[in-house]
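Residue numbers (our numbering), protein chains in the order written: chain A, 10 to 108; chain B, 9 to 267; chain C, 347 to 660.
There could be a bad hint or two in this list.
[Stated by the list, open to error] Computed footprint of chain B on chain A, listed as stretches where at least three residues anywhere in the stretch have a Cβ under 8 Å from a Cβ of chain B: (1) 35-42; (2) 48-62.
[Claimed, not checked] When the alpha-carbon atoms are kept at most 25 Å apart in a straight line, the in silico BS3-like pairs for lysine-lysine are as follows: (3) C:Lys653 with B:Lys170; (4) B:Lys170 with A:Lys28; (5) B:Lys145 with B:Lys132; (6) C:Lys652 with B:Lys170; (7) B:Lys142 with B:Lys129; (8) C:Lys484 with C:Lys365; (9) B:Lys129 with B:Lys141; (10) C:Lys502 with C:Lys365; (11) A:Lys16 with C:Lys502; (12) B:Lys142 with C:Lys409.
[What the hints assert, rightly or not] Take a look, some chain C residues computed to stay more than 10 Å from chain A by CB distance: (13) Asp354; (14) Ala358; (15) Glu367; (16) Arg375; (17) Gln379; (18) Val413; (19) Leu426; (20) Ser438; (21) Ala440; (22) Gly449; (23) Asn615; (24) Glu626.
Treat the hints as calculated values from the structure; they're not laboratory data.
Please read these numbers as outputs of a predicted model, since none were measured by experiment.
Cβ coordinates follow ideal geometry from the N, Cα and C atoms, glycine included.
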Amino acid sequence: MSENNEKEWPLWEVFYQPKNGKPYEHAGSLHAADAENALQNARDVYARRNEGIGIWVVPSNQITASTPEDVGPFFDPASDKPYRHPQFYSVPRAVKKRS
Amino acid sequence: MSSDTITREQAYITYLLRLADDRLILGQRVSEWCGHGPVLEEDLALANMALDLIGHASALYGHAADIEGEGHDEDYFAYFRDDYEFTNLQLCELPKGDFAFTIARQFLFSSFSYFQYERLKKAKDEQFAGIIKKHLKEIKYHLRHSRDWVLRLGDGTEESHKRIQNAFDEIWMYVDELFYTDQIDELILADGNGADLISFKEEWKKLVEETLTEATLTVPDWDQFMMSGSRTGMHTEHLGHILAQMQFLRRSHPDADWK
Amino acid sequence: METQQQLDDFQARIDAGEKIEPKDWMPERYRQQLTRMGSQHAHSEIVGMLPEGNWIGRAPSLKRKLVLLAKVQDEAGHGLYLYSAIETLGESRANMIDQYLYGSAKYSSIFNYPTLSYADVCVIGWLVDGAAIVNQTKLAHCSYGPYARANLRICKEESFHKKQGYEMVAKMAEGIPAQRKMVQDAVNRFWWPTLMMFGPHDSDSPNSEELIKWQIKLNTNDELRQHFVDRVVMEAGAIGLTLPDHDLKFNEETGHWEMGEMPWDEFWNVVKGNGVMNRERMKARRNAHENGAWVREAAQAYARKKKLSREKAS
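Chain A on its own, in the form it takes in the complex (with noise of 0.2 Å):
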């Protein structure tokens, strides 16, 4: 899986849900032979203290991540579309008081 895969376990991004409903969060990484032992590494490792209902683990080399470069053009073009936000639209006052 990773280069250096003879010298050491494979590395795993570990993900865990914290409660029914809620999103998964990313937790940590560690180091395991194969998913099924990532998988039971993750609950030994993050979750001691019940930390979560659900767990994804996921090869950390399969995980395209965008670059600091792409700051600008992925996430600067959204701040000047100010019509995509609540707040940006005005209500009557009367409705407003009662929401």
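Following the hints, put chains B and C in place on chain A, whose structure we already have.
Chains B and C alone, transformed into the frame defined by chain A:
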């Protein structure tokens, strides 16, 4: 012991202590790995298993103390009994050995516990059944974890195959005792609080055989010589050293508050 | 080559309180310093399992056995979080481990002292974990995102470590004479080594300035030590324990407790490898690593076989 010289209450306490002793002694053994595991992730896993086992023992001792009603607590049974009073299986007291031995023993014990607890969870004593149901979840995980490692080691490298095969060969003469029963079991079973061990013996053997076969291992001979006697206080000399270590401080200062 | 512009921009980000993430540009020296400090921190967690692990089998009640085992297990978890954080800088865990088992990487000297009585592990919880928390609470705000987050997670988990230690220390300090003697003796032995965990005086700490400039460290060694002493003096007094420093006195003007000079000769001697337990600790860790090699290889071999057979089947 015959049934007319032992009360149902005494039998129940003995029954609970047998369950608890297995878990305390095995937990003590597994905890020896803490800080010495083969890889950081597995160090955590083994410590979790030891924590579960000692926690299970503590709850069972506590329940035995409640039933006994003499004002004892869980520590009394763990710290103030001698070798011959302990009734744990010899299987549980054997030294931790290498990682293969630890895994082979854990798999045999966890798979047995799984079937045993599946039955005990229906106990009439609701408090006892409650303890069992809670611990059963953890036992299922121990079984899954140890079974996976049997497969990895058996079907891993030549060396790991050899080591885990040796471990099973070495430990085999201690497995028959898992199914030892006497009047204590009969009394408790009649009261609706026990597990009928014979009822799952074949099922357990099948699980063990299938796992070992899948791990490309040879199943040792079920009919070979088998050890016996631990339920009535017969032990290897290893137990005395575990207790010497475990009990010395508490017994040196029995009047002190250590909780 | 690193240009002055890059270095200035980087410093501006640090000064603005921004977090540096793995893929961000960073000076090579920042990467090196962080790798050195973070991996040393991780090694310390792992070696730190040994002195306390020494008493798991002998803990005097089932409750204390569970507490101690859970605590020592947490140290393994913390070592793992820290290794993970430093791995994001491009250094593999295997390399980091090689460097402390067979190379020159260091770990905290406090773990080269022996635990001679059960009170020692309680005092370690109170003082050593207490000192570590002072440090880690600050590191949770350091400039490198993954390292800051690892420390934050550690702080959350570690809050019980110090508490369980102080609880048992207090119990022993108010217990039977044998317990009182045991716990005072442990405090006497661990006091100075704990204070030296914060490192040399600022005047003898060549790395500090650079580390603080980059917010890898947020406070100087002496600041953190003072913060710790002020709190522990109060905690010791509350349970009637004596700290083995005759020069300890409260300075009304500064509002701080002034301490006597630390036995630095002993400190440097232990750093050089001549503590009571240095060799034993390294031997134990090397044994664990070397005896585990066949297990790690087996799991890899098994994973390869399963992958192959899956590929054949599809």
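Tell me whether the statement that chain B covers the region 35-42 of chain A is true, taking a Cβ distance below 8 Å and needing three residues at minimum. Our answer is that it holds, as 4 residues pass the Cβ test (under 8 Å) against chain B, meeting three.
For Arg375 of chain C, which was marked as not at the interface, is the minimum beta-carbon distance to chain A over 10 Å? holds (19 Å)
Is Lys502 of chain C close enough to Lys365 of chain C, meaning Cα to Cα at most 25 Å? holds (20 Å)
Distal placement of Val413 of chain C relative to chain A, Cβ over 10 Å: Consistent with the label, Val413 of chain C stays out of reach of chain A, its closest Cβ about 14 Å off (over 10 Å).
Holds or violated: is the Cβ of Asn615 of chain C farther than 10 Å from all Cβ atoms of chain A? At roughly 34 Å from the nearest Cβ of chain A, Asn615 of chain C sits farther out than 10 Å, so the non-interface label holds.
Straight-line alpha-carbon gap Lys145 of chain B to Lys132 of chain B, limit 25 Å: holds (20 Å)
Are all beta-carbon distances from Ser438 of chain C to chain A longer than 10 Å? Violated, because the least Cβ-Cβ distance between Ser438 of chain C and chain A comes to about 6 Å, which does not exceed 10 Å.
Taking the closest pair, is the beta carbon of Gly449 of chain C still more than 10 Å from chain A? holds (15 Å)
Run the distance test for Lys170 of chain B versus Lys28 of chain A: straight-line Cα separation, threshold 25 Å. With a Cα-Cα distance of about 44 Å, the restraint between Lys170 of chain B and Lys28 of chain A is violated, given a limit of 25 Å.
For the pair we were handed, Lys142 of chain B and Lys409 of chain C, check the Cα-Cα distance against 25 Å. holds (18 Å)
Pair hint outcome, Lys653 of chain C versus Lys170 of chain B [Cα-Cα no greater than 25 Å]: holds (22 Å)
Glu367 of chain C: least C-beta distance to chain A exceeds 10 Å? violated (8 Å)
Comparing the model with each earlier hint shows violations of hints 4, 11, 15, 19, 20, 21; every other hint is respected.
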